[in-house]
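Trainee: Going down the list, the protein sequences come from chains A and E.
By the working numbering, the letter at position 228 of the first sequence is numbered 228, and the numbering carries on one by one without gaps.
By the working numbering, the letter at position 130 of the second sequence is numbered 130, and the numbering carries on one by one without gaps.
Quick caveat, the hints were computed from the structure, so don't treat them as lab data.
Take the hints with a grain of salt, since some may be wrong.
[Claimed, not checked] Label-pair restraints from in silico Cβ distances: (1) A:51 <-> E:167: 32 to 40 Å; (2) A:420 <-> E:194: 30 to 38 Å; (3) A:279 <-> E:209: 35 to 43 Å; (4) E:208 <-> A:238: 29 to 37 Å; (5) A:265 <-> E:124: 18 to 26 Å; (6) A:264 <-> E:208: 18 to 26 Å; (7) E:117 <-> A:357: 49 to 57 Å; (8) A:420 <-> E:209: 48 to 56 Å; (9) E:38 <-> A:265: 20 to 28 Å; (10) E:132 <-> A:172: 22 to 30 Å; (11) A:168 <-> E:209: 57 to 65 Å; (12) A:168 <-> E:54: 38 to 46 Å.
[What the hints assert, rightly or not] Sample of chain A residues lacking proximity to chain E, with all beta carbon distances greater than 12 Å (derived): (13) 96; (14) 107; (15) 118; (16) 157; (17) 313; (18) 330; (19) 358; (20) 391; (21) 398; (22) 427; (23) 436.
Glycine included, every Cβ here is placed at the ideal spot set by N, Cα and C.
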Amino acid sequence: MKPLAVFALIALCSSSFAEPTPIELPPAPGPATGLADPAALRATVFGTPPQDIGPLPETVPLLEMDLALPWRRPVPQIFWFDKRLRVWLSAQKKPAPLAVVIAGTGSDANTSKLSVLRAILYGAGFHVLTLPSPTFPGFIVSASSTGVAGDLLQDGRDLYAAMGEIIAHLPRKVRITDVDVLGYSLGGANAAIVKSIDDTQHKLHIHRAVMINPPVSLFASIGRLDKLYAVSLGNGDAGIERFYQQLYAALANDYRASGRVALDEDFLLGAAAAVLKTDAQFRAAIALSFRIALSNVFLAGDLYSGAGVVTDPAHPPKVGDSLEATAQILRNTTFAEYFTRVFAPYYLKRLPNATVDSLIAQNRLDVIGDQLRTDPDYYCLTNSDDLILDRAELGWLKSTLGGRIAVYDHGGHLGNLGDRQQAADMLAMLEGRWPGGR
Amino acid sequence: MAGGAVMRTCRAVMRTRLGCTVAVLMLAGCATREVEFHRWPAETPAANNRADIAKLQGLQAAGAAASKPAPQASPEHAGSAAEPPSPPVEPDDAPSLKTYDPWARLNRFTYRFNARFDEALFLPAANGYRRIVPAPLRGGVHNFFANLTEVDSVINYTLQGRLHRTVRSFGRFVINSTLGIGGLFDIAGRLDLPYEPTGFGTTLAKWGMHPGPYLVIPLLGPSTFREGVGYAVDYGTSYEINLADLYRGYQSWGLGVVNAVDQRANIDFRYYSTGSPFEYETIRFLYVRKQLIEDAGLHKSKPVPKPNPNEPAGK
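With the rest of the complex left out, here is chain A (with noise of 0.2 Å):
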């Protein structure tokens, strides 16, 4: 994560939103393997060192696609731009699989991690599709079919759904052979739901699902984030406040030190290593990036629910209004209060039968339990020192998956993404070479 990133969360954080809520959320379960572990969190942030990914092929072509998908919701005025589903194809020129891969919360289709995973697919030979997260703003508005995000069944359908009305689209002459789901992140639980949803309906033939990262139970994960949040910035504005000068500070002295004349992009790169020094710094840092992920979802949920928690219903914000007080408050809203505010209670509307411990207890990849346990198609790569899983998660991965599970000693979360271990064994998966599976 660049400097710049870092300062475009700090963007979006301070101020206090605290009212009694109705619905209680129940406190997450054991901590993250790797929030103690200054390696995980230094990997967790940089990322892959370029030195260690590979092999990459010298060009991969790029095309995008705009598409306006039949079931899209009315939009809200200040959503405008996000009216089309951009996804990003590169295609073979000779017939060949497709590999659909599934961004992270929040994240659009065509990031850097998606990058290197397309760069890598499509030198193994395969045709890359890349999708947003469905907690993407720009998926929520054109593909969700509820506006309200982060119901790892729901986004399945509608990821599914628009899986399916892209590939009908394809230009004619992409000729596909074969087509396997993978996803990093919360895009990797999405990538197995959206299989499990074809093993039955039978619509794609989704032959293999690679999750990398992915997250075992959503509600465990965001309830750590939040206190992961919660413990390197604390609530309100003082903390977050104190991070942005910390950062601002660091960042005019190298500054100034370096005798540049602009502060561009080479700079803020090497700026990058030295800005962030603690523990504690790499930790807020990641529980920012989230937070700022959050306010998007948060907006859109508000809006497409009628929650009316951000925003007025009656008097929806209009394009050119300001939304620095909306941001504000979102700074300082914590993914419970999505759930409870928002989430639970447009879910428990909809759902007969619903309770708030349904609601916990669908959105695991237990929901999939019987087909990741019997299955020989369903694949997984994680680290044990992954920030969004704990040791009993973990371990449910291992014994779910048995053999087909890679389990690397370090990386935190994403940090080894495409280095030369993970994407040889992510490859021996999806091509049916892995030793564990079939």
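Please build the complex by placing chain E on the supplied structure of chain A, with the hints as guidance.
Mentor: Positioned in the frame of chain A, the structure of chain E alone reads:
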């Protein structure tokens, strides 16, 4: 005769109408087609990776050099050795999280206009240019325009009283205009004279002028009042100097378009790729902090002015 005139008018009207109808249909078609395809220039992952590794190694080498006990003063520092070293920027010197934006209404409108213009015209043109024109040729074009800006840099470094940089920019201009064949090749860059342009906005900053309110300029994007004035003066200067008669007449239009496309092709930014309605706020936050840090870098000997915590940043 009168009949002929009427016929001509009719034909003109019909032609206009036909043109309008075709245009409307085309535009409407663009907006309602189920799928739109946009071809992008191919990615070059292997080359990008090699560049990333080289950059990282360079940074590590620089880091190792910087950690040695005797720091090497750049000639710029040497020139101002009389100035006492300034105290470092403390966290308390950081401006407020809020940003001063008295022209927000207009700025938001312009930001939206820029986003639409970019998506419809500017970005497709830049992508087409990157797809069709081979990289070495694009590099030449980029160097050519960079070389033209050296003239303005020489003037402004002089006005800023930064002699070393004035000489360097002048040297770059002479070397690249001659050995670099009219600026097509950046020979000076290879001789360790890096390209570091400046403009009148920075001169005003050096003279102590405050950035002023945040300003989104049509087509150009995020800026401040002071930088906006700077752009205008820079353009005026180039126009007055009219180097090689490039800035007057028809050729100036062609040149302007190519320059704009070249610039856009070298900026890795896409409006609303964040998908977020908070993008305006985010970009404004980043731009104003960047500007304030650059200003602090210009006045090394002076302590950074203490911000008033109750005032938004940039006021």
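Trainee: Each of the hints needs a verdict: does it hold here or not?
Mentor: Hint by hint, here is what the structure shows:
The supplied range of 32 to 40 Å is met by residue 51 of chain A and residue 167 of chain E, whose beta-carbon atoms lie about 38 Å from each other. Checked against the given bound of 30 to 38 Å, the beta carbons of residue 420 of chain A and residue 194 of chain E, roughly 34 Å apart, stay inside it. Taking the beta carbon of each, residue 279 of chain A and residue 209 of chain E are about 42 Å apart, inside 35 to 43 Å as hinted. In this structure, residue 208 of chain E and residue 238 of chain A meet the distance hint of 29 to 37 Å, their C-beta atoms being roughly 33 Å apart.
A beta carbon spacing of about 24 Å between residue 265 of chain A and residue 124 of chain E agrees with the range 18 to 26 Å that was offered as a hint. One distance hint, 18 to 26 Å for the beta-carbon pair residue 264 of chain A and residue 208 of chain E, holds here, with the actual separation near 24 Å. For residue 117 of chain E paired with residue 357 of chain A, a C-beta distance near 51 Å keeps the hint of 49 to 57 Å intact. About 53 Å separates the C-beta atoms of residue 420 of chain A and residue 209 of chain E, a value consistent with the hinted range of 48 to 56 Å.
Distance hint for residue 38 of chain E and residue 265 of chain A: a CB-CB separation of about 24 Å, consistent with the stated range 20 to 28 Å. For residue 132 of chain E paired with residue 172 of chain A, a C-beta distance near 24 Å keeps the hint of 22 to 30 Å intact. Between residue 168 of chain A and residue 209 of chain E, the C-beta spacing of about 58 Å keeps the proposed range 57 to 65 Å intact. For residue 168 of chain A paired with residue 54 of chain E, a C-beta distance near 43 Å keeps the hint of 38 to 46 Å intact.
With a least beta-carbon separation of about 17 Å from chain E, residue 96 of chain A lies farther than 12 Å from that chain, consistent with its non-interface assignment. Residue placement check: residue 107 of chain A does not keep its beta carbon more than 12 Å from all beta carbons of chain E (closest about 9 Å). With a least CB separation of 8 Å from chain E, residue 118 of chain A falls inside the 12 Å interface cut-off, contrary to its annotation. Every beta carbon of chain E lies more than 12 Å from that of residue 157 of chain A, the smallest distance being close to 21 Å; the non-interface claim holds.
With a minimum CB-CB distance of about 16 Å to chain E, residue 313 of chain A clears the 12 Å threshold, and the non-interface call stands. Here residue 330 of chain A does not stay apart from chain E, with its beta-carbon only about 8 Å from theirs, under the 12 Å limit. The beta carbon of residue 358 of chain A is kept farther than 12 Å from every beta carbon of chain E, the shortest such distance being approximately 30 Å. At roughly 34 Å from the closest C-beta of chain E, the C-beta of residue 391 of chain A stays outside 12 Å, upholding its exclusion from the interface.
For residue 398 of chain A, the condition that its CB be more than 12 Å from all CB atoms of chain E holds, with the nearest at approximately 32 Å. With a cut of 12 Å on Cβ distances, residue 427 of chain A stays outside the contact zone with chain E, its closest approach being about 15 Å. For residue 436 of chain A, the requirement that its beta carbon stay farther than 12 Å from each beta carbon of chain E is met, with the minimum near 29 Å.
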